[in-house]
Amino acid sequence: MAQSLDRLKESPSQTAGPYVHIGLTPNFCGIGGVYATDLGATMVNDKTRGERIGLRIRVLDGTGTTLKDALIEIWQADADGLYNSPAEMRGAADPNFLGWGRCPTDMETGLCTFETIKPGRVPFRDGRLMAPHITLWIVARGINLGLHTRLYFSDEEKANAEDPILARLEHRVRVPTLIAERKSDTYVFDVHLQGEKETVFFDS
Amino acid sequence: MSAESGSNRRPETGAFFQRDRTWHPPALTPNYKTSILRSPQKALLAFDNTLSEISGPVFGHAMLGELDADLIHNFARPGESALGERIIVHGRVLDERGAGMPGVLLEFWQANAGGRYRHKKDGYLAPLDPNFGGCGRAITGEDGGYAFRTVKPGPYPWPNGPNDWRPSHIHFSVFGHGFAQRLITQMYFEGDPLIWHCPIARGIPDKAAIETLIAALDMQATIPFDARAYKFDIVLRGRRSSLFENRLEGN
Ligand SMILES: [Fe+2]
Numbered sequence: 001m002a003q004s005l006d007r008l009k010e011s012p013s014q015t016a017g018p019y020v021h022i023g024l025t026p027n028f029c030g031i032g033g034v035y036a037t038d039l040g041a042t043m044v045n046d047k048t049r050g051e052r053i054g055l056r057i058r059v060l061d062g063t064g065t066t067l068k069d070a071l072i073e074i075w076q077a078d079a080d081g082l083y084n085s086p087a088e089m090r091g092a093a094d095p096n097f098l099g100w101g102r103c104p105t106d107m108e109t110g111l112c113t114f115e116t117i118k119p120g121r122v123p124f125r126d127g128r129l130m131a132p133h134i135t136l137w138i139v140a141r142g143i144n145l146g147l148h149t150r151l152y153f154s155d156e157e158k159a160n161a162e163d164p165i166l167a168r169l170e171h172r173v174r175v176p177t178l179i180a181e182r183k184s185d186t187y188v189f190d191v192h193l194q195g196e197k198e199t200v201f202f203d204s
Numbered sequence: 205m206s207a208e209s210g211s212n213r214r215p216e217t218g219a220f221f222q223r224d225r226t227w228h229p230p231a232l233t234p235n236y237k238t239s240i241l242r243s244p245q246k247a248l249l250a251f252d253n254t255l256s257e258i259s260g261p262v263f264g265h266a267m268l269g270e271l272d273a274d275l276i277h278n279f280a281r282p283g284e285s286a287l288g289e290r291i292i293v294h295g296r297v298l299d300e301r302g303a304g305m306p307g308v309l310l311e312f313w314q315a316n317a318g319g320r321y322r323h324k325k326d327g328y329l330a331p332l333d334p335n336f337g338g339c340g341r342a343i344t345g346e347d348g349g350y351a352f353r354t355v356k357p358g359p360y361p362w363p364n365g366p367n368d369w370r371p372s373h374i375h376f377s378v379f380g381h382g383f384a385q386r387l388i389t390q391m392y393f394e395g396d397p398l399i400w401h402c403p404i405a406r407g408i409p410d411k412a413a414i415e416t417l418i419a420a421l422d423m424q425a426t427i428p429f430d431a432r433a434y435k436f437d438i439v440l441r442g443r444r445s446s447l448f449e450n451r452l453e454g455n
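So the protein sequences, as listed, match chains H and A. Position 31 (the first sequence) corresponds to 31 in this note's numbering; numbering is contiguous. Throughout, this note's numbering is defined as the position within the second sequence, counted from one, plus 204.
There's no promise every hint is true.
[Unchecked claim] Straight-line Cα separation of at most 16 Å, EDC-like style, residue types lysine to aspartate or glutamate; simulated pairs: (1) H:118 to H:94; (2) A:356 to A:274; (3) A:324 to H:106; (4) H:9 to A:300; (5) A:435 to A:415; (6) A:246 to H:170.
Just so you know, these hints were derived from the structure itself, not from any lab. Quantities reported herein were computed from a predicted structural model and do not represent experimental measurements.
The shape of chain H in the complex, shown without the other chains:
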């Protein structure tokens, strides 16, 4: 026998369930007075640099029905393409932008809206620039392990065309599932959990 690698196993995931709001956005579901505000509810302030944009995201199940009990977190770089993170070694990100947001889908409409800024480009592992993108993490009742994907921008055609992650998609017809459509200052993005238009989810 060889020596043991002495590695632990990651804790297995369990669904966030139907009451995820109690833990992550208590004010949203009527539990006031415990936290002053829900974490991740506001992403920008007056001093944040960059182009203000809105995101309107829906999550749809295999029948095309909009989920009304999902929760989405987003993570993105600042306007210069820098992450506000200790892992960012290239420079200091905008101190007025954390780059992280959290939003439950509306209990009636299923709509998830973020007010944020358009991120700059971030380098891929080999130094080539990736197209501007926002990382999404989606949890809900019925989702056993949080889903990871990206939102790219419809008005970044040239950057999208040279993006090393999008380039890895064998089935080119699936590329549009990752691209949000610009409508004035807002990008509209539907996440399809199943079906012909199933969003490309990541294992990374």
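Put chain A with the ligand on the given structure of chain H with help from the hints.
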């Protein structure tokens, strides 16, 4: 500024170990019916972490309120407290290399002692406790340790099969150092026979993996004449050493 600036550690920038998806519940677990229409069916796009997955925000201890880690009192009227079995839940957040992880944001939520959630979607017969909200949070210390005080949640019935009951459990949201470590899971209680009947817990294929979600009664950590204790460690994805990594341009 950052959770790691309090220590002498250099920030780690390596990619995370590949996730062992056979250890997690698969997306489709038909005995948990809601998963049927909410499970992706196409192959995932696999790629080694880029900076977008390696990086993550930092939450400082300053954001915490005094009662955030005390569910017995954080929603209770002054001088009152939540009903139920008083317990301490404590443990450490480690990565797969066994290293304690400081600065990890833990958010937890649960039903009250009768198995009822304070949520408009929960219509269970058991009454709400006016002194119990059901949420709390903590940030791990230098060694990855955390603790909070609560009441033991009750089991509850849920619409899935004709007679399914959730074992007593506490939901945990775990925010590690990189966004790729993001995890939500549930903690169960040692000795609860309902665990082995639960379609959600049993969505995890390996019994040994389910057992890692069962907190042990920890008599050494109890507070005599006050609260029993349960110990629950959480493991997040480990990260490769960046010593031999290709450097990003500009580094
Ligand atoms: Fe639950």
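A quick look at each hint next to the structure:
1. H:118 to H:94: With a Cα-Cα distance of about 13 Å, the restraint between residue 118 (chain H) and residue 94 (chain H) holds, given a limit of 16 Å.
2. A:356 to A:274: 13 Å, holds
3. A:324 to H:106: Judged against 16 Å, a Cα distance of about 14 Å means the pair holds.
4. H:9 to A:300: Judged against 16 Å, a Cα distance of about 6 Å means the pair holds.
5. A:435 to A:415: This hinted pair holds, its Cα atoms lying about 13 Å apart.
6. A:246 to H:170: 12 Å, holds
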